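The primary structure of each chain is shown beneath.
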Amino acid sequence: MNTPPLLHTRRLVFWSAYLALLVVAPLAVHKGYWLSLLCQIGINTIFALSFNMLLGQTGLLSFGHAVYYGLGAFVTMHALRAANASSVHFPITLLPLVGGVAGLLFGVAFGYVTTKRAGTTFAMISLGIGEMVAASSLMFPAFFGGEGGVSSNRVVGKGLFGINYGPQIQMYYLIAGWAFLSILAMYALTQTPLGRMANAVRDNPERAEFVGYNPRRVRFLMMMLAGFFAGIAGGLTALNYEIVTAESLSPYTSGLVIMMAFVGGVGAFFGPILGAALITVLQIVVAGATEAWPFYFGIIFLLVVLYAPGGIAGILLEQMKLWRSGELRRLWPSYLLAAVPAVILAGAVVFLVEMSYALVNSSKTGSSEVRVFGLGLDAGRALTWIGGAAAFAVEVALLRAAARKISGDRYARPLPQGRS
Amino acid sequence: MEFALISLLNGVTYGLLLFMLSSGLTLIFSMMAVLNFAHASFFMLGAYFAYQIGSATSFWVALLLAPLLVGVIGALVERFGIRKAHRFGHVAELLFTFGLSFLAVEVVQLVWGKAAVDYRVPAALQGTLFTLYATSYPIYKAFMIAVSVFMLAGLYSFLTYTRIGLIIQAALSRPDMVQALGHDVPRIFTLVFAGGTALAGLAGVIGGNALVTEPGMADAVGSIVFVVVVVGGLGSLTGAFVASLLIGILQTFMVGMSYSFVDFARAIGINIHSAPLLARLSLTQFAPVMPYLLMVAILIFRPRGLMGARES
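Residue numbers (this note's numbering), protein chains in the order written: chain L, 1 to 420; chain G, 1 to 312.
Hints in this document: simulated from the structure, not taken from any laboratory.
Keep in mind that this is a model prediction, so the values were computed, not measured.
Every residue, glycine too, gets a C-beta built ideally from N, C-alpha and C.
A hint or two may mislead.
[To be verified] Pair ranges (Cβ atoms, derived):
| # | chain 1 | residue 1 | chain 2 | residue 2 | range |
| --- | --- | --- | --- | --- | --- |
| 1 | L | LEU282 | G | ALA33 | 28 to 34 Å |
| 2 | G | ALA153 | L | LEU282 | 47 to 53 Å |
| 3 | G | THR162 | L | ALA185 | 58 to 64 Å |
| 4 | L | SER151 | G | ASP219 | 26 to 32 Å |
| 5 | L | ARG400 | G | ALA146 | 45 to 51 Å |
| 6 | G | VAL107 | L | ASN164 | 35 to 41 Å |
| 7 | L | VAL340 | G | ALA33 | 47 to 53 Å |
| 8 | L | ALA289 | G | PRO186 | 40 to 46 Å |
| 9 | G | GLN179 | L | ARG217 | 36 to 42 Å |
| 10 | L | ILE344 | G | VAL107 | 20 to 26 Å |
[As the list claims (entries may be wrong)] Listed next, the stretches of chain L that the computed footprint assigns to chain G, with coverage defined by at least 3 CB atoms under 8 Å from CB atoms of chain G:
| # | region |
| --- | --- |
| 11 | 120-128 |
| 12 | 270-284 |
| 13 | 292-301 |
| 14 | 349-360 |
| 15 | 393-404 |
Next up, chain L with everything else stripped away, as it sits in the complex (with noise of 0.2 Å):
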């Protein structure tokens, strides 16, 4: 009866599934193009987790968590910078650790100061501490190497039975080697006092207080040990990349780790975990095809926020619920149904930021012609325009109607009582 939460049947099917995944993963992908991809997903599952301890699981909005990464990045990059130049022999399969111990040490240094207050106010001043640090990288160039960064080699020495990280492959095994054990030992962390005691300042404080716990105390607990795991994740990057730059600790890293679990869902654990691998993979396919992308970025960011706040794993859920009650069955159509004018409505707004794109850049590259999903149009007419428009607002107001007819079916019926 008492079986530790971790070792559930159905909890060690999971991880053990998630271990498969993670070690077959980079032998379904042929090209090192999608290795590359893989580690940054590895290395971004650990950074939006980290992020997540906060916003998630103590409520607490950082604006500045790259700190932390960023910090840990360079700590790790200088440490193997020392390796390379002296004989001090340390391994590099623990060299993230360096990073971890060092977002940890500026976890406590900032965290201190951050955590005093919670809500808004820890919002603003989390983003003042990093655009403190972005600012300060300018001016100790020594150890932030200026605007060239700081890079150096991860082969150092034959390693152990010839594993030196210098193929790809191998750097790809020791990232998901790490990223294994930091999602175990964060989920680990979500089933212990202090994981449940985080929520219960997240949700509140007074209470929390009345029960005997500091909430400030469990608010720097949690913002320590988050700062760990950034500080890990970004120890990996310097690792991976053999170089980091200020960009690593700068406002708009902090943003897209904000994206990252936010898009995913923050209201879940596994949700950090898809956000980060749809973001990364957005970033480098739409950041290929189009030069518009920041634009669809924070069109999806806007559009998670105001109308699916729970992210995918908020919908995921929901959906699970209902197929549990079986609800779903009788939902599918309305969804089929309102599929057709929501991907209509994507084609359009996609036809009209290119377009707009299009004739901004007329004036450099002389043509206003654009292709979108292999349809030649010219932005220089005020037809496709009219088409476009025409379009995005005939798709709008179908969606809504089916929004409004699913939700109709769905309250139809009051909801089976029992499980739910």
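For chain L, the structure is supplied; the task is to place chain G on it using the hints.
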């Protein structure tokens, strides 16, 4: 002496500009508990609108029209965005405005390009007002001070002496009671949001040509404005005023001083030969991080801010 006076004047100009931004942010925050992350984006929009309107007509038309236009956009954002996000709580609201600030930069880059636009001080306001010792003081800076002071006096009398100002003040502390008395509180919220963003727009109009009008200007100012609000104490207009001037003056003085700790020690008769890097950095180099250091110091010694009413 000359340096001190000129720096003081420049610092007050910058501080008043900061207050124009932080006053709107504070009003919006204390009324709706919404921290408008995109506040500096409205500042940027004000500058770009003024550039566009000013190049078609004149600066004076832009001075009037651009803030109004920004205010209308602010009202639309509140009505159709923030009110929707409000249902999901404060985090969603904050993230909505965060996403908006990201999108604003993208749209500005799309319309006006990535480089700075040529938004200049109008010819009538170019020139020197007076010369102090050897440094000349431009007319435009005096104009900026005049507009800020005029606007602040207007805001103060609007909030204290007009009927709607009193209702806004009442809605600040007891929105449900004001609602019960028959006032449309959501509409007052929209109005305050529009007003706050219009103030930011006005700051953009008069600040855009004194600084540089470029897509990065929102990020450059935005975080400083947040620091001002935290240092002053959340929700306190007086606090925001004091903190704006403090940070404006301090930063202007520091930019002008190239002394480092080592120089200072030498001046009082101690010669330091091997000092760490930190001690060699001049005050000028410290200027960009000063506001944040000040914020950290305030948080350690006075967590509620200079004039904050309570700790939250």
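Status of the hints after comparison with the structure:
1. L:LEU282 - G:ALA33: 28 to 34 Å: Given about 33 Å between the Cβ atoms, the range holds.
2. G:ALA153 - L:LEU282: 47 to 53 Å: Taking Cβ atoms as reference, ALA153 (chain G) and LEU282 (chain L) lie about 50 Å apart, which means the hint holds.
3. G:THR162 - L:ALA185: 58 to 64 Å: Between THR162 (chain G) and ALA185 (chain L), where Cβ atoms are some 59 Å apart, the hint holds.
4. L:SER151 - G:ASP219: 26 to 32 Å: holds (27 Å)
5. L:ARG400 - G:ALA146: 45 to 51 Å: For ALA146 (chain G) against ARG400 (chain L), whose Cβ atoms are near 50 Å apart, the range 45 to 51 Å holds.
6. G:VAL107 - L:ASN164: 35 to 41 Å: violated (48 Å)
7. L:VAL340 - G:ALA33: 47 to 53 Å: violated (40 Å)
8. L:ALA289 - G:PRO186: 40 to 46 Å: holds (42 Å)
9. G:GLN179 - L:ARG217: 36 to 42 Å: holds (39 Å)
10. L:ILE344 - G:VAL107: 20 to 26 Å: holds (24 Å)
11. 120-128: holds (count 7)
12. 270-284: violated (count 0)
13. 292-301: holds (count 6)
14. 349-360: holds (count 3)
15. 393-404: Answer violated; 0 residues pass the 8 Å Cβ test.
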